[in-house]
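For the protein sequence lines, the chains are Z and U, in the order given. For the first sequence, the working numbering gives the first residue as 46, with consecutive numbering after it. For the second sequence, the working numbering gives the first residue as 46, with consecutive numbering after it.
Derived by calculation from the structure, the hints in this document are not laboratory data. Cβ atoms here follow ideal geometry from the backbone N, Cα and C, with glycine treated the same way. Mixed in with the good hints, there may be bad ones.
[Said to hold, decoys possible] Just a few of them, taken from the derived set where beta-carbon distance is under 10 Å, the chain U residues facing chain Z:
{"id": "1", "residue": "V55"}
{"id": "2", "residue": "L72"}
{"id": "3", "residue": "N84"}
[What the hints assert, rightly or not] Away from chain Z, derived, C-beta distances all over 12 Å, residues of chain U:
{"id": "4", "residue": "K66"}
{"id": "5", "residue": "Q69"}
{"id": "6", "residue": "R76"}
{"id": "7", "residue": "T92"}
{"id": "8", "residue": "A94"}
{"id": "9", "residue": "K126"}
{"id": "10", "residue": "K134"}
Okay, here's what each chain looks like letter by letter:
2 protein chains.
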Amino acid sequence: MLNCAGRDNVFVIMAYDFNEKRVQKALKIGRKYLTWVQNSLFEGEITFAKFEKLKAELKRVMDESEDSVKFYILESGKILKSEILGVDKSQTTGFFL
Amino acid sequence: MLNCAGRDNVFVIMAYDFNEKRVQKALKIGRKYLTWVQNSLFEGEITFAKFEKLKAELKRVMDESEDSVKFYILESGKILKSEILGVDKSQTTGFFL
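Using the sequences and the hints, build the whole thing.
So this is what it looks like as structure tokens:
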């Protein structure tokens with residue numbers, strides 16, 4: 046369990062690798078809590094309580110023997126930099142959602 | 046440009062979203078520099094010089110009007126936690142590579 050004493054928000058990067066049968070469900074849940082970046086990738090500031098809800102929702106729809114979600118949990122403001130090569134799909138391809 | 050004075054290594058998370066015609070090339074380049082985590086996702090400690098080489102290699106093979114790579118660049122040791130739900134594919138599915 047993450048010790049979150051004194052910390053309300055964390056910055057979460059979420060990358061999922063689901064069987065295509067369930068991939069739309071992961072997308073829909075991700076959009077409720079975070080910002081879509083590109084295929085299978087979300088990011089955003091989130092409260093610790095909402096992060097726990099996000100994980101619970103994903104667990105309900107995923108097949109844990111086949112699907113995978115990786116989270117990177119960072120203290121807000123600790124990313125040195127993020128950088129995109131090529132298309133910034135979060136700006137240009139809302140129609141994918 | 047990232048100011049890297051006094052910093053030799055950074056921790057890089059790399060997520061790519063390439064057209065399937067070029068996706069194998071991205072996978073091959075990612076493996077040269079970072080650790081494969083799951084579909085389209087790599088992570089690892091890397092020198093700043095190697096990170097520049099990684100980006101240059103990707104730029105050579107990608108179609109910048111269609112493909113996308115997102116990097117998160119972190120000071121080493123600044124990730125609070127990473128967490129996997131479901132399968133840890135980096136441990137179990139080397140055959141995907």
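The hints, checked one at a time:
1. Below 10 Å, beta-carbon pairs count as interface contacts, and V55/U has one with chain Z at about 7 Å; its hint therefore holds.
2. Against a cut-off of 10 Å between C-beta atoms, the interface hint on L72/U is violated, since the closest Cβ of chain Z lies about 13 Å away.
3. Of the supplied interface hints, the one on N84/U holds, with its beta-carbon coming within about 4 Å of a beta-carbon of chain Z, less than 10 Å.
4. Residue-level check passed: K66/U sits 14 Å from the nearest beta carbon of chain Z, beyond 12 Å.
5. The Cβ of Q69/U sits about 16 Å from the closest Cβ of chain Z, beyond the 12 Å cut-off, so the non-interface label holds.
6. Non-interface call for R76/U relative to chain Z: holds, since the shortest CB-CB distance, roughly 16 Å, exceeds 12 Å.
7. Interface exclusion of T92/U from chain Z stands, the closest Cβ pair being 14 Å apart, more than 12 Å.
8. Residue placement check: A94/U keeps its beta carbon more than 12 Å from all beta carbons of chain Z (closest about 16 Å).
9. The claim that K126/U lies off the interface is violated: its Cβ sits roughly 5 Å from the closest Cβ of chain Z, which falls inside the 12 Å cut-off.
10. With a cut of 12 Å on Cβ distances, K134/U falls inside the contact zone with chain Z, its closest approach being about 5 Å.
In terms of the numbered hints stated before, the structure departs from hints 2, 9, 10, listed from lowest to highest.
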